[in-house]
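Chemist: Sequence:
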Amino acid sequence: MRKSNFMIVAVAVMVSLFTATSCLKSESEYEKQVKIDDKILADFIAAQSITAQKHSTGFYYQVIEPNDEGAALKKNDVVIFDYSIYTLSGTLIQTNTIEGGVPAMLKLQTMTVIPEALDYGVSLMKVGEKYRFYIPSYLAYGSYSTADFSPHTNFIIDLEVTDVKSEDEIEAAQKDSIANYVAEHYPEMVASPSGLYFLDSIPGTGSKPMSNSVAVVDIKRRYLDNTVTMSNDAATIYLDRNLNAPGLEEGIKLTKEGGTSVLVMPASIGFKQSVCVIPQKTRAKLYEQQIINNNVEPYSILKYTVKLKSVMY
1 MRKSNFMIVA
11 VAVMVSLFTA
21 TSCLKSESEY
31 EKQVKIDDKI
41 LADFIAAQSI
51 TAQKHSTGFY
61 YQVIEPNDEG
71 AALKKNDVVI
81 FDYSIYTLSG
91 TLIQTNTIEG
101 GVPAMLKLQT
111 MTVIPEALDY
121 GVSLMKVGEK
131 YRFYIPSYLA
141 YGSYSTADFS
151 PHTNFIIDLE
161 VTDVKSEDEI
171 EAAQKDSIAN
181 YVAEHYPEMV
191 ASPSGLYFLD
201 SIPGTGSKPM
211 SNSVAVVDIK
221 RRYLDNTVTM
231 SNDAATIYLD
241 RNLNAPGLEE
251 GIKLTKEGGT
261 SVLVMPASIG
271 FKQSVCVIPQ
281 KTRAKLYEQQ
291 IINNNVEPYS
301 ILKYTVKLKS
311 VMY
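Just so we're aligned, residue 1 is where the sequence shown starts under our numbering, counting upward by one.
A hint or two may mislead.
Below, in silico cross-link-like pairs of lysine-lysine (BS3-like), each with a Cα-Cα straight-line distance of 30 Å or less [as the list claims (entries may be wrong)]:
hint, residue 1, residue 2
1, 281, 208
2, 74, 32
3, 74, 208
4, 208, 307
5, 32, 54
6, 175, 165
7, 126, 175
8, 285, 256
9, 165, 130
10, 126, 281
11, 208, 165
12, 175, 220
Simulated from the structure, these hints should not be mistaken for lab results.
Using the sequences and the hints given, assemble the complete structure.
Modeler: What follows is the structure in structure tokens.
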């Protein structure tokens, strides 16, 4: 439940885990792995007679579908894209292009995406274009592994930029979506200027938390489709320490001790850009292992159910 203000710190730690300083024991070992990966990719591209350009950072890219009329991408754009990620052997790890797939989003050139190579690669693209990236492990997950890929895996990612938006455009669209959702499901909810919608579902009889209080809560977090992303009983929430989503803290302060509230909030007072993880299903394990600080997809509208059990002032 850490606040997204800590995102850059979290990503710095995360990136260090996946790159030279932590995946490998020393700089010389890192350099050795770079040479290994570079040779693997160069040999693969030559053997498959692939026409691709090598980026200065070490990955290769192919323009599969150009779009000269598409909008160019720039730093801090929120890029929406479809992807399919494979091992070099051609094994599909995940795609979001199937029915029910979740659109992927990243805030460009902010170093909040894994694999790191995508921050550089997507910057080369225009809206409507499709690229294929050949990514060495040192620009991806390094020595990290899951059930889907082994340590030092090199990846192929097919990626199509489907749209680009500013954060202001995203917030405006989310506020409209939330208003429609609330009108249908929680018409008694009250909106605050921040964009938070609050429902005093089961009124409490105690006092409301004050600034710098410590709240003990039973808490559940969901997306609007009711997918649960977090559930904790008797969780301790330290208010006003820059540790939590601002909308969550605002809602807790509106709740009386002993009561239960429902909160719906846009990403701007939730986890904002979060970290973009490709493949998306790897996010849960990274969060479990405390490599990233939340398991919320970038720019997600969130719904919390909070029972305020006790307050310490």
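Chemist: Run every hint past the structure and note whether it holds.
Modeler: Here is what the structure says about each hint:
1. 281 with 208: 38 Å, violated
2. 74 with 32: 34 Å, violated
3. 74 with 208: Answer violated: residue 74 to residue 208 is near 44 Å, above 30 Å.
4. 208 with 307: 12 Å, holds
5. 32 with 54: 19 Å, holds
6. 175 with 165: The given pair, whose Cα atoms are some 15 Å apart, holds under the 30 Å limit.
7. 126 with 175: 27 Å, holds
8. 285 with 256: Given pair residue 285, residue 256 is violated - Cα atoms ~35 Å apart, limit 30 Å.
9. 165 with 130: 18 Å, holds
10. 126 with 281: 26 Å, holds
11. 208 with 165: Status violated; Cα separation ~38 Å.
12. 175 with 220: 21 Å, holds
In summary, the structure is inconsistent with hints 1, 2, 3, 8, 11 from the numbered list given earlier, while agreeing with the others.
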